[in-house]
Every structure is written in C-alpha cells, then in structure tokens.
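Enquirer: Listed below are the residues making up each chain.
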Amino acid sequence: MVKFILNNELVQTKLNPGMTLLDFIREQKQLKGTKIGCREGDCGACTVLVGEENQGRMRYESITSCISPLGNANGKHIVTIEGVNLIDTLNVAQQAMADYFATQCGFCTPGFVVSMTGYAINKNKTRQSTCNDAISGNICRCTGYKSIEKAGLELEKQLMDTQGSEDFEDLAEKGFIPTYFKEIQNRLKELTLLKPSTNGAVVANGTDLYVHHADRLTEEAVHLIAADRSMRHISFSDNRCTLGSNTTVTDILEHRRLQEIIPNLRQHLKLVSSEPIRNMGTLGGNFVNASPIGDMTIFFLALNSTLTLQHKKGGKRAVAFNEFYQDYKKFDLKADELVLELSFPVPSPKAQFNFEKVSKRTHLDIASVNSAILIEVEGDSIQEVHASMGGVAPIPKYLYKTVEFLKGKTLDPINILKAEQVLQKEISPISDVRGSEQYKRLLGRQLFFAHFIKLFPSHFSLKNLSAP
Amino acid sequence: MKNIDSYTHVRGESLYVDDIITRHDTLYGVVFDASKAHAVITSIDYSKAEALNGVVKIFTHQDIPGENQIGGIIADEPLFAEKEVHFWGQPIALIVAETELIARKARKLIEIAYEELPVIVTAREAKEKASLISPPRTFKMGDADRAFAACDFVYEGETFSNGQEHLYLESQGCYAFPLENGAIKIFSSTQGPTAVQRTTAKVLGVPMHKIEVEVIRLGGGFGGKEDQATPWSVMAGLAVHHLKKPVKFILNRHDDLRMTGKRHPYESSYKIGLNKDLKIVAYEAEFLQNAGAAADLSTAVAERTLFHATNSYFVPNVMATVYSCKTNLPPNTAFRGFGGPQGMFVIESAIAHAAREMQVRRDEIQQANLLNENDEFPYGQIARQVIARPSWTTAKEKFNFEKLREGVVDFNHKNDHFKKGISMMPICFGISFTNTPMNHARALVHIYQDGSVGVSTAAVEMGQGVNTKMLQVAQEVLGISANKVKLETTNTTRVANTSPSAASSTADLNGKAVEMACKSLKSRLSAVAASLLKVDITAISFHGDSVYVNGEKSGTSWEKVVSQAMLERVALSENAHYATPEIHFDKSKEKGHPFAYHVYGTAITTVTIDCIRGTYEVEEVKMAHDFGASINMAVDVGQVEGGLAQGIGWMTMEEISYNKEGRLLSNALSTYKVPDIFSAPKKIETVAVATDGHEHAIKKSKAVGEPPLMYAIGTYFAIQEAVKSFNPNYHLKYDAPFTPEKVLMALYEK
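Protein chains in written order, with the numbering used here: chain R, 1 to 468; chain C, 469 to 1218.
One should not assume that every hint holds.
[Unchecked claim] In the BS3-like style, the derived pairs of lysine-lysine whose C-alpha atoms are separated by at most 25 Å in a straight line are: (1) R:270 / R:312; (2) C:1151 / R:270; (3) C:1210 / R:454; (4) R:270 / R:409.
Please keep in mind that the hints were generated in silico from the structure rather than gathered at the bench.
Turn these sequences into a full structure, and let the hints steer you where they fit.
Expert: As structure tokens, this is what we get:
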C-alpha cells in the first residue's frame, strides 16, 4: 500500500509501487496538466514537487515523474501543476510566465511553472541557486528561453519581499502557493505507513533504470531502497568522509562541509545533469550503472575512495573504488550485495581538486569525456596525485599509469606533456555518438591540461601546454 | 494583448490530444516498424503477439479497404509496408490492445525475417546511383558560365548541413472514435487537418464527409506535423473503421524519433565569382537534398531551397540546381524554413570562402551585394518594398557593429584561452506557399444572439499565437472587447478544404478571411443600427461594445444591435474566403511571382569559444527585424527569439546521426540535444526596422514564423571567426552543426 498526499488529497493505492508516478498521476488520477514529453527525464514536461519533512521542516524538491516509481511517493507530499493553482487567479510564477509571454505552445509550461514554484518555496533556504538553476531540467522548444528567464527574474524580485524559508503562511498570503500547503506537515505526520517490500528489483530513485525498463518495472515487484533513510547521510569521522549510497547529487552539492573541502563543488556538480535529476540521482545508482562516463564515478575515483558493500545477510566488505570496475558494465558486486556507502580520506588542506566535463550541451548532457584530479604539491614537487577519466575506456578509468608517472615529478610543462603521452597510452576511447576516437583523445589531452592550467595558473597556460 | 491561451497554459488546463476525455472502452495503438533500412520481408509471424491477453487486433496492409497510399505530392508512400521496407522505422502494422503497455509487449513478440538490400544513407551516394525522388530542377538567370569567365575571382567549395529533429514537446498522436453510419471523428495533433481527412478517406475508401478532423492545439509542430501527423491518424481511423471502438494512439518519444522524418540534410557545392569591387557577379550551386525513402514534401522543400539560394543578395548570373535524392532514411519533411535555411547556408559559406581568400571581411562582401528596389530574383519576381539595406543599416547603426567588432578584435589580442567571433547575417524570406493553389483560407464567424462571437478558421494553434492574432482582428473589425470573442477549435466540418498551417502565412491567410467575414457582419449590423437609431448607415461605427454615430458614442450597445438583428432575421453568421492576389508561378519556365511579399532582417552574433575545451557560448544576438506594422509585438518577438534559438540548435549542437545500416543513433533525448536555458544566447535584442508593412500581410503585420530561424546561420560563421583567430592553420569548413567536437578539432588542426 502506497500512501501519500497528492496536492490536497490523501491517496492510498494498492497499485504496483513500481509503476511510474507519471502514469499514476495522469491515468489513475486523471490529472492531465503533467505532460509526457520523453519518459527519460530529459525534458521536464512531467516535473512534480516532492515534499517531505526533514529535520522538522518541510522541504520540497523537483523531480521528473516519468522515471520515478510510484512507491517512492510513500509518506510524501506530491505536488503537480494542479496543486500549485490558486482559485480563479494565477500564482506569482504563473502570472510572471503569462506577463512575459513565456508560454507559446504551452506543453512544457506546467513543468516550468512547477519548477519555478518549487524554487519559490525553497528560496532563502540552504540553496544558493537561481531560478535558472531550478528550471535547468525543463526544455522549451518554442520560446528561446529569454522570456522565461525574464519571468524567473520577476519571480526572484517578488521573492525578495517574502519572509523566505518555509514560511508557508507568508508564501500563501503573497500568492506564491495555495493555502493548503500550511497543513501538509501535520497531515503527513498523521499518516501511518506500511513498510515497503524488500523483494524484487532493487531501485533507488530510478533515474537510470526507468529510462529503459519502465515497462517491466511497472508490472514487476520492486525493492525500493530509497525509503531507507539510513543509507542517505554524509558524515565525518577519523578524517574520513562517508556518504551513504542513497545520497543524492543535490545532497552533496549543498553540503556545507563538502563545499569547504572541495572548493568549486557547486560549479562542478552543476555540470551533472539537471536539478530534478540531481535531486533524484543517487551515488549508489551512479556507481552500479557502471557507465564508463558516469560523472559521480569519475568524481569520486579521484578522491581515493573506498566502497563498502553489504550482503543481504548482513556481512560487509570494503573494496577500493579504483578496483571496483572490471570490464564494460562488470564490477565487483555479488548477487545479494548492495553498495552501502562510499568513503574517502578528507584531502589535506594542501591538496587541490578539479573536475572537468565536456559534452555536446554543457548542462543536462552526458559527457564526451570527463576527468577529475586530486593533487598535492610540496614546493614544486608533486607529492600525491589521483586522477580519473571517463569516456575513454570500457570502464570509468582510474589513471594508474599517468598517476604513477606524475608522482614525485616537478611541476613543469615538460613533465605534464610527458604525462600526457602516458595518458594517451593508458586510454582506449572508441568512436560513438558522443564523439570520434580522435576527438576523445584530443579532448582527454585538453582536459588533462585544463586541470593544471586551472589549478596552477602560475606554472601553466594554454600557451605552454597546448598551443595549436 | 497577451497570448489568449496563457491563462490555461500556465495552470496546466490547456487540452492537447492526450488530455481529452476518453470513452472507457478506448483501445490503444502501437506501431510495429521495420528494423532494417532496406530489405525484403521474407516472413512475419504475428501469432504470439495476437495470442497475448489484451491484444485486440493487429492491422496490416491487408486490412486496408481503400488505397494503401499516403503520399501527398507524389503517391510513393504506403501506409503500411507490404513486401519491402525502405527505411528503419517504417510502419508495418498497427497493434491495437486494451492498454498501451500490452500493445508494446505484443510488439516484442512479433517475429520478422528480412532479406537485406543495399542501403543508401547519404544524398551523394543516392545521386551517384541515380536514386532520385523526381527530376532535378534548375533556376537560372543571366549566363553564369560566361560571367565566371570574366570574374576577377572565382572560388568553389562544398558544404554540408545536417538534418534536425523537430522535437515538438508533444509527440505525434491522435484519438479517433466512431460516429454514426460509418463516420469517424479524429482528434489529431496535426498542422494539416484536411490532409488527415483526405488521406484517411482515401485509405478507408470512404468519402471525405465521413471523416471529421478536429484540432484543439498542438504542443509544437515546426513543420513536423504538416504532413507527418497524417499516418498515425489514418491508422487509428483504420482501426476504428474495423473495430467500431475508440482508439487512442500517441507515439512515445523513441518511436517518434525513429519513425518520423526531419529537416533535410543537404550536401551542396558552390561556385562563386566576384569582381574586385566585391560584387558577386555569378553564383552556381548544386544542392543534394537527402529526401529519405519517399517524397513527402521534399520536392516543395527543394523548390524553396532554390527560391532562397541567393538569400538577400542580388546576383545577376545564377544557376542553381537541386536534386531530391532518394535514400533509406525516414522521409524527411517540412521544418521551419522549409529548405530556405539550407539554401542560404551555402551562399553564406561561399561568401566566407571568398572573404578569406580575398582577405576582406565577410560583412564587406555581404554589404556590397544586398538587394535593392527593383532587383530581380533568379525566379523572375521583381523585388519591391525591399528592406534588405534598411535592416542592415539599422542593425549596424543601432547596435554599433563597428564598435562591437573592434571589441572582439581587442579581446582576441588580449586573450589566449578564450576567443571571440562576430558575424552579420542578413535574411530575406518569401511569404506564401510556393505552390500557388494552396494560398487560401476561410473563416466562419458566428455572432450569437447575446452578442458573443465565435470564430472558426483553418488556422491551427501550435504556439505561434495565431489564435491571439485572429481574435485581435475580429475584435478590432467588430469594435468589441476581447472577452466577447472566442476562438474555436480547428474542425474540418466548420472550415473545409484547408491548407496546412505552414509557410509562415497562417495569420495572413486566415486573418484576411476573418477580416472579410467580420466586415460583412459589421456592415449588416451597421444597417440594423442605422435604422434603429434613424441615421444614415455611413454615420455608424462600433467601438468598445457600443454604437457610435458620427464618432459620438450613442446609448445603444453592441448587444442591443445584435438582438435587434435577430428580431429582423438578419444573418449573424458569415463565411469568408480569401485567396492571395497577384501571385503566380510557371514551373515550365521556373519564373513568376510566387511570393506575396518578402520578410527581411539582419542579425549580429557574437560568440566566445573556450580554446582549451572547444566549448562555446553565444554571447549575444542583436537583430533588426522587418515586422511591418506588427499587430502583436510581444507575440512576434517570441517568434523571433524562438526561431533564432531553434536555428542556433541546428547550427551548433543538434546532430542527427545514422549509421551505415540506416539506423538512427541519436534516437533519444539523451543522445540528441536541443538548446536548454544555458545554451540560449546570453542576450537577445530585437529592434523593429521602421517600415510600413505590406498590404498582403494581415493588417500590414508581416509573417514572422520562419524567417528568424535563419539569423542563426550567423552563429556558425561567428564560431568560425573565433576559431580562425586562434588557429591560423584552420582550413575553413562548412559543415554544420559546429559541435564542440568540430570546434576542438578545428582549434588544433595542423
């Protein structure tokens, strides 16, 4: 039994929790404002908000309902476009969209409005994002976005006059959301929830599995592990950082301590998909997808991470992350094992980290090549270094040989150029829809250089590494 | 006036085909399609699929009572493949089941065997093998051969512009259900309701009056639903015909991407001849259009390529030839610009080539050759009310092009890591269907007895704001407030024999018809009001829901006159027919006057490329556009910005990719990228060129749908400029889209 509040209505359903939230909303509830655009989380036409209590307050995030299992709504507040409508008038985001002619064919519009309303609710919280970030997962084919951007600026302007934070009273009074939001926190508390099934296909938030297997999962039993909050945490002890495998990219991006440890963390992770997908995508999911180009995989490979795997019967074992991947989509995870958590040593204050990613479209795209590096320099000598590169091998590649070469070397262009030669021997890209082999080799070189140009601008420039 | 749909759009209350109320016994369709691009079907076994619980029936060509033929211009495209398949994704059967999921599961159970035939993927290969849709066509003016011989400079080269997926956010779809006596009603997401009606009737072997097609609105069309919305509706109609039950059929995104045609890829070659004064004296172009496996609209698209081969320039000696090449791709189709952009890209490439060799700037050559009043187009039309130079000058002066250009040069001197590029891009686009007989429309206007008004036209609302403009026209002519006018759905029983909503001319054609109908109604009501108020009819006018006598407000309301008209049995409905005057074209001579008028404009584009990574950003696009006397500037600016962004996608990141076997590789939104909010230009600025507009445009408000897309060609050349300034060894290439891959390879080319 899945139980949740859909807009202002309590919903209880015995339908298979593996069906998509989108189908439930449109077909079972006949709420047709949420649109079907792509069914792979890439267009945002089906965006809804998920609200849940976290540390005593309601927190709302946008998700794409097309790749979200119904069962993950259990105990939460799901808000569709119908749920942000006021009676006989437009909410602030809607009015701005209409005023700035930011809607043409209208098909993408409900998704934009939901994302923007979510932004209005979250504004002034821990988030330091803009309205554009909030709509980074929404594709519009008509407007060219400038009118939508203007509507977003108008929304931001009007939000300046609010109390901010989860003051639903204030937000409702000023017309950002309907008044029923005020009661949701208490209503959710009153729900008595049944424990979800632990049999069937293991699904976290579905961002990967539902792209290809939604039909199958609609009918099959699913084991929804995202319900297990104990697997969603970021903690520090003994100078190690540990992240539960249900931790989302957004959790990481917004974590204050991680932001301190990894400068530019926000900029790096904004290259990872879009806001709704970052709200859903989990570390564990990214790791076991085993894509040779997985952003989070490449990111954490360079942080010298260790995975903890847990057997269903309770046994745990640790495996070095750079030894986890064996061959294309093959990795060291036995049947009945789950990725429990990832941990990495907190880098020394002297260490520097960088992440690079190039894709056809800068945001909401899969990389052609991505790469990360963690490097510690004493004087001019490289003391410690870890580096990874995606899109250049059957597995997400930890650059053993390149790293080995770099250790102990002086930080000068000759050594970096030599290291790049080692890199080229270590990688083996193939031509595919993300680029030709030749391109990926060139791009691999450039991103490798980019690390050094960015981290050590006094030593390296485009001129001394990579003139045409 | 705001878009009249904006209130329901932002609330999620606007209805699209997939949202309308369905009968509880509705069945669902899914297409079974070819998984080879060219092959003989040696066997198909449907038995396992048919046996699946919930499958109702699988329809094939054998179930077609009429003709198995959906080709619009040339009858070369079956609804369902019979013995052979000609493209990957070609429909073979329609599975109808109790749910869409069951139908999809059944599809996996169909067993098919093929004997493969040679596959042609590129236009060049097709031309070499003489695989053509129709004979080539040539537009000719002057004597290019002789002129080349006398030119100071002659350059030749080749270009490629890739296809483009429409990516309307709402995929193709329809809902069909039985009416009485074998009649069928189809709600379709189509730009061409009559095409759906006509084709369904033909395939079912029934008269057209048995098929009623209704369109509420589209979630985007861009040309992709002009012709290619038809087959899905016909299939649903076929199922309803046999099963007498409602059938809903919405393509999922992957099916839509795989099965439908796109913008035509073009492989072209050019020869350009100039004199020292930068005048283009002669231009020759050969366009190889990749039409795909059937004609669809390809011949018309090819024709428009010729019409726009010289863009905004006057060239006295022209020879342009186009080949519609038959390949084994899905039949390519209409897409905003309709072959025009492909033609313009080639001459802009030729100019870039010449500029590089002659060591002058592109814009110097462009400026020297802009059209002037009374210049002749290669197809014989004399250019009148030419706005080419005014728009060029407006752009240059208003946006201070010289200063922008100097800024770019200065930036590039000072920076190694980033380089900027700037370009100018003039456009000239002819307005009218180039097939003259299609330039007509009708409007049916009812004044209800309470004074409210309903307007039906042939126009399909797909986001372009045509219904808002129709409402404005009706309201203005009748002198009543906007809330008294409602725009009805587009329905073939109310407005018949329509041309599709396409060619940027929907507002012109339908608006003129609305204007005519409303004028007739107004003149009848004026007579009623005159007799009511006992004044001469010439004294009567209507404003703000009131009757005015000699310009003075009377105490008599609009409603009063309408109810009086009812009492007097005056007709309160009017049907008007509009056909564009003056236009004609003689295909045997390839000369005539095909366009009601032309739309002009000039864009300035600045880009910045990251020379380490090969990525780039469009900094700003500044446009001086010829709106005429716009009746809705905000709607029109929306078209300019949206068209530009779509064009930028075509020129930069949207990369259609087929493998040698003819299988689409860019087959999902994860592999086919369209612009998102971060890849739109950081700044877009649009100014209106001061013009009067054209009398053939509705209220002199010029057509605006397609022309702005072509401003984006400037983005390609701005990127090229930036690459050039980083890598002097770079050999100019004319190979769109200019993806980050191509940029990086160009930056480090030896």
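Enquirer: Hint by hint, work out which the structure violates, then give me just those numbers in ascending order.
Expert: 1 and 4
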